[in-house]
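If you read the protein sequences in the order shown, they are chains A and B.
For reference, each letter of the first sequence is one residue, going 1 to 202 in my numbering.
For reference, each letter of the second sequence is one residue, going 1001 to 1266 in my numbering.
Simulated from the structure, these hints should not be mistaken for laboratory data.
A hint or two may mislead.
Simulated coverage check for chain A against chain B, where a stretch passes if three residues somewhere in it have a Cβ under 8 Å from a Cβ of chain B [stated by the list, open to error]:
#1 31-44
#2 49-59
#3 155-165
Among chain B residues calculated to face chain A with C-beta under 8 Å, some are [to be verified]:
#4 1047
#5 1052
#6 1055
#7 1086
#8 1088
#9 1089
#10 1093
#11 1221
#12 1222
Pair ranges (Cβ atoms, derived) [what the hints assert, rightly or not]:
#13 A:129 <-> B:1263: 25 to 33 Å
#14 B:1226 <-> A:91: 48 to 56 Å
#15 A:84 <-> B:1060: 20 to 28 Å
#16 A:99 <-> B:1226: 32 to 40 Å
C-beta atoms are modelled at their ideal positions from N, C-alpha and C, and glycine is treated no differently.
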Amino acid sequence: MYTETLLDIAMRHSEAIILKAQKGDNQAFNKLVALWYKRIYNLALKYFSGHDMAMEATQRTFISVHKGLPKLRDTERFRSWIYRIAVNVCHEEERKLKRQAISIDGVPEKGKVTIQLATYGPEKSLQQQELSSLLLEALKEINQEQRMVVIMKEYEGMKFREIAEVLDISENTVKSRMYYGLSALRKILETRNITKEVYYEL
Amino acid sequence: MNYKVDESTLMAYLYNELGAAEREEVERQLLEDPQAQAQLEEFVKVRTLLGKLEDEEPATPLIMNSPQEKTIIRRLVPWLGVAASVCLLLLAGYATDFRATSQNGQLILGFGEAEPKIEALDQEQVMPLIDQALTRQREQYSQQLTGLQTALENKIVDNKATPTEVRYTQPAPALDEQALQAYLVGYQQQNMQQMAQLLQTNTQIQREELQTFLAEYHQFLEERRLQDLQLIEAGFQAMQDNVNQQKSETEEILANIITSVNSTNY
């Protein structure tokens, strides 16, 4: 569940930094990167379920942000703007992955492209690590549009209205994707027996 | 009224994005629709599980020092580490005059100038030396014997020249087997002493070599230790600088927040 942190508050009040970065202040841009790095990385990490792809998408997102920032007119919409860039980058990278996965005879081969799942530090217990890996795998299995909505809602704490703005779709479509995304996840988690009490207690 | 909670409304209710009146209406309808109620409970469970997936701290820093260059420094960071290690190794090798040479099919690693090799003598190499020494001794012995034989022959000639009565009145010469045996024993002892001396010298040389090697290795380890300590100190210093920078940035952000909050209040 999403919980607002001090960093999130700072992100919401970073207009001065955005304005400076727009004028070409590299130090301000670096601060902007520092503020948003973790959020974009985690969005991509949950989308791809792998560190390398997440880093690639994060890097590309910030390059696009740097390119497009001077053209951003409404700095108050920076949050939805940066998320839109990140979402587009993630979708592009996903398409690239799928192209690579298609074999010479044009038949997609399951598992041809292997994504290394995220690894966790010793601070997490084995059960927590196992659950995190299982949840990432479950997320990876659902439809990519539903997956992105679930991630933005569950982990980025965005309102349905904000998600609709980022994805440029109606609010009802967002809710519908959320509904079917959660339903698909429920089935996957049940199939893998992840709905055990032991996981709820972690 | 047979009202059914639709997908969108259920989602809005699940994520608490309904107004008070709508919320009450949905709750009322859920009481009449056990299927929707069960589905809602399932979604709550799924959300609880999803909430167990926490944010991860990015493992590598994303540094964009000069965005104009569009340089992907992040990709270089692991290679920079490798390059730094290689440079450090080369520098250490240069400082310690590290050598790696191949000789007789053997790889020889060492430090400093290549010293003339004093090889340990094995049995096959010692044997010819002993043979040489024995041959030399044998030649000397042979020369001495020849000298003795000559002297003996001269004596015989003298004896023959001497009248018989005079010859038998004089005592016989003292050259007998006992003296020869003693002479040979003396030579054997001398040979053994030389062999013992040879082996002793060899052992002494090897001991000195080993001591020199140990001294050099100790010196190398000491230098390595000092270099490591310097590296660690530099690392701590860099970490301290980083922390200070982050601290000042955090303070600046907090100041921005406070300013924003204050301006909102007024």
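Outcome of the hint check:
1. Coverage of the region 31-44 of chain A by chain B holds in this model, with 8 residues showing a Cβ closer than 8 Å to a Cβ of that chain against a need of three.
2. Evaluation of the coverage hint for the region 49-59 of chain A: fulfilled, as 4 residues show C-beta separations to chain B shorter than 8 Å, against a requirement of three.
3. Residues of the region 155-165 of chain A lying with their CB closer than 8 Å to a CB of chain B number 3, which satisfies the three-residue condition for coverage.
4. Contact between residue 1047 of chain B and chain A, as hinted, is supported at the beta carbon level, the nearest pair being about 7 Å apart and thus within 8 Å.
5. Here the hint on residue 1052 of chain B is kept, as its CB sits about 5 Å from the closest CB of chain A, short of 8 Å.
6. Satisfaction of the interface hint for residue 1055 of chain B is found here, the shortest Cβ-Cβ separation to chain A being roughly 5 Å, below the 8 Å cut-off.
7. Restraint check, residue 1086 of chain B versus chain A: the minimum CB separation of about 24 Å is more than 8 Å; hint violated.
8. Annotation: residue 1088 of chain B was flagged as interfacial toward chain A, and the flag is violated, the nearest CB pair being 27 Å apart, outside 8 Å.
9. Interface restraint check for residue 1089 of chain B: the shortest CB-CB distance to chain A comes to about 28 Å, outside 8 Å, so the restraint is violated.
10. At about 34 Å, the closest approach between the beta carbon of residue 1093 of chain B and any beta carbon in chain A exceeds 8 Å, and the interface hint on this residue is violated.
11. Of the supplied interface hints, the one on residue 1221 of chain B is violated, with its beta-carbon coming no nearer than about 31 Å to a beta-carbon of chain A, more than 8 Å.
12. Below 8 Å, beta-carbon pairs count as interface contacts, and residue 1222 of chain B has none with chain A, the closest being about 34 Å; its hint is therefore violated.
13. Evaluation of the 25 to 33 Å hint for residue 129 of chain A and residue 1263 of chain B yields a failure: the beta carbon distance comes to about 45 Å.
14. Separated by about 54 Å at the C-beta atoms, residue 1226 of chain B and residue 91 of chain A satisfy the suggested range of 48 to 56 Å.
15. Hint check: residue 84 of chain A to residue 1060 of chain B, Cβ distance near 25 Å, so the stated range 20 to 28 Å holds.
16. For the hinted restraint 32 to 40 Å between residue 99 of chain A and residue 1226 of chain B, the CB-CB distance of approximately 54 Å leaves it violated.
Comparing the model with each earlier hint shows violations of hints 7, 8, 9, 10, 11, 12, 13 and 16; every other hint is respected.
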